[in-house]
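Undergrad: Between the sequences and the hints, there should be enough to build the whole structure, so can you do that?
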Amino acid sequence: MPGFLFEGGGYRHQEMLELVEDLGGSILQVRLVGSEVTITFSVPEEDVGRVEELTRDLQGKLKRLPLLGSEIAVVSPTITRHHLPHPLCDVAEYLRREGAKTNMIGLARGPGQRICQISEEEKRLIEEHDAAVFVLGNFEHCLREHKWRLFKDLSVPVVVAGGPELPSLPHAFAYLSGIGRLPYRARTFTEIGKLDEVARAVERALEEERRRLSLDPPLLSPLVLKAEIERKLGETLRGGAPLPVTPQLRGVRVKLPYPEFAGRLAELEVAGHRLGEIAEIRRSAMRDYILVILLPLSRLELPPERLRAISGGVKV
Amino acid sequence: MSEKVFAESLDPSYQHGYGVLMSKVIAEHALSELGLGGAVEEMRILVDIRKPLFAVRVRLGPPLPPVRVRDCARVQEAPDGIHVVLLDEGQAPFLARLLRERFGKGGVEQLDRWEVVVPGAVGAKELEEMVVSHPRERMMERIMDAVERVIPVGFRVGYAERGEDHLLLIASENPIKEGWVEEVREALRRPPSPVPPEKMEGIRRKVEAAEVQAKFKEGAMPWRL
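So the protein sequences, as listed, match chains A and B.
Residue numbers for the first sequence, in the working numbering: 1 to 316.
Residue numbers for the second sequence, in the working numbering: 1 to 225.
Take these hints with a grain of salt, some might be off.
[Stated by the list, open to error] Heads up, incomplete: computed chain A residues facing chain B, CB under 10 Å, no partners named:
(1) T78
(2) H82
(3) G110
(4) G112
(5) I115
(6) H141
(7) E145
(8) L182
(9) T188
(10) T190
[To be verified] In silico DSS-like pairs for lysine-lysine, Cα to Cα no more than 30 Å straight-line:
(11) B:K4 with B:K206
(12) A:K123 with A:K152
(13) A:K123 with B:K51
(14) A:K152 with B:K51
[Claimed, not checked] DEER-style ranges, computed between Cβ atoms:
(15) B:S13 with A:S168: 20 to 28 Å
(16) A:G234 with B:D145: 47 to 55 Å
(17) A:L17 with B:M144: 51 to 59 Å
(18) B:P12 with A:I79: 32 to 40 Å
In case anyone wonders, no lab produced these hints; they're calculated from the structure.
In this text, all values refer to a predicted model and were calculated from it rather than measured experimentally.
Note that CB positions come from ideal geometry on N, CA and C, so glycine has one too.
TA: Below, the structure is given as structure tokens:
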């Protein structure tokens, strides 16, 4: 289901919320500030026309968010001023504007050539995301001969951004030149165009993942799971963390302490089943959060009539 | 204005590579952000990324004279001591440190934000000639900051040389080998070779003329972004 951002007046914004629910879509976020409202949601592709019609009627604005529902890791080899804030923060901000939830990760021992390395914990942290964007440096020899070691073992698609022009990099889904070590913020059309190339590459990587998932999809969409968890577990809304239930392609990240809430999450009833039966609930490497990874239909022990009822799976 | 920053590769096969050219851009930004345009006469960057080796030699501009009390404050003798009235607030911490070191904490009485009184143990003339700060020392901190911004993070093994009017830093991620220092010195004896303008064209940021996009393209829905 494609994602959208609606911006308009607070008056009559309830009509948009009701329409999205009636069409079987999911509402991710509603922000009402003064008399302006911003709604992030997704609806089935075939119903986008109805949403556009209502937007026109409400005189609001509608923007497509191709990366909505994904969590992306933006990885820097260091946390020193050489790579931060420019250009990593620009990359992360642009991906957020396209709908993704981004986490910035600085490697402890990423710099250097022979000495660069990534630890198991850092790999585990990056693999909790749907894709990773590595923003590296300016030297061709360094990128080609050494830096691929940082991401060669990762199981998520890796988009690499660097300075020099190279056709590709081993073990990377895509390589984009022109964004390496930069001492300034992206302001010109050319520079923002480069950021857009990164977003398009991430979009292609996620499309491939979605296609792979659609071959053996989970019982329900992560966006639906997010709504259910927020409805039934009130602590998620009182926690104070931004986006307390973060949707990913394969499940959700719940920003609550694992020891206290893992058991309660497992017992939650979702789509007629215990969540513990249809998803793997495990501790995240990020603080003490909880990862809920929806199991594909082939791994669920469902009776044949139930499988027939939901045959064709759910579009992720 | 003449060029101050030169970036060259010690490896002839990588002359004018992207990384070498961007080192020049990064160095120029660093000098501009830290306000070192006047203090630095020349900065030469030598790169051999395969070794790996990164060398930066900064030639300093004419030395600035030390700042004395008479340059930043007015000194007046009075029956209760010597009144020192601060005129340049930028020198306040250095002047305060000097007076504290000379007269002790208890010896300095602060009347208000600008004026202090010190005992008349020294004469006003002698007090006026005391050195408050050495701008060259403070400048060196900023120059080191600029050099560290240019050198890649992973190049932690360093060889430093400081002269009257220059600073040389050679960095690598491996131990600095026997002949590298001499190789760098040899390269620095040759005059710097400026980068051809057409090479820098593709690297420098271009500020395009403002593109005024039509708010609504023909036939487009005004409500769709």
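Undergrad: Tell me the hint numbers this structure goes against, listed in increasing order.
TA: none
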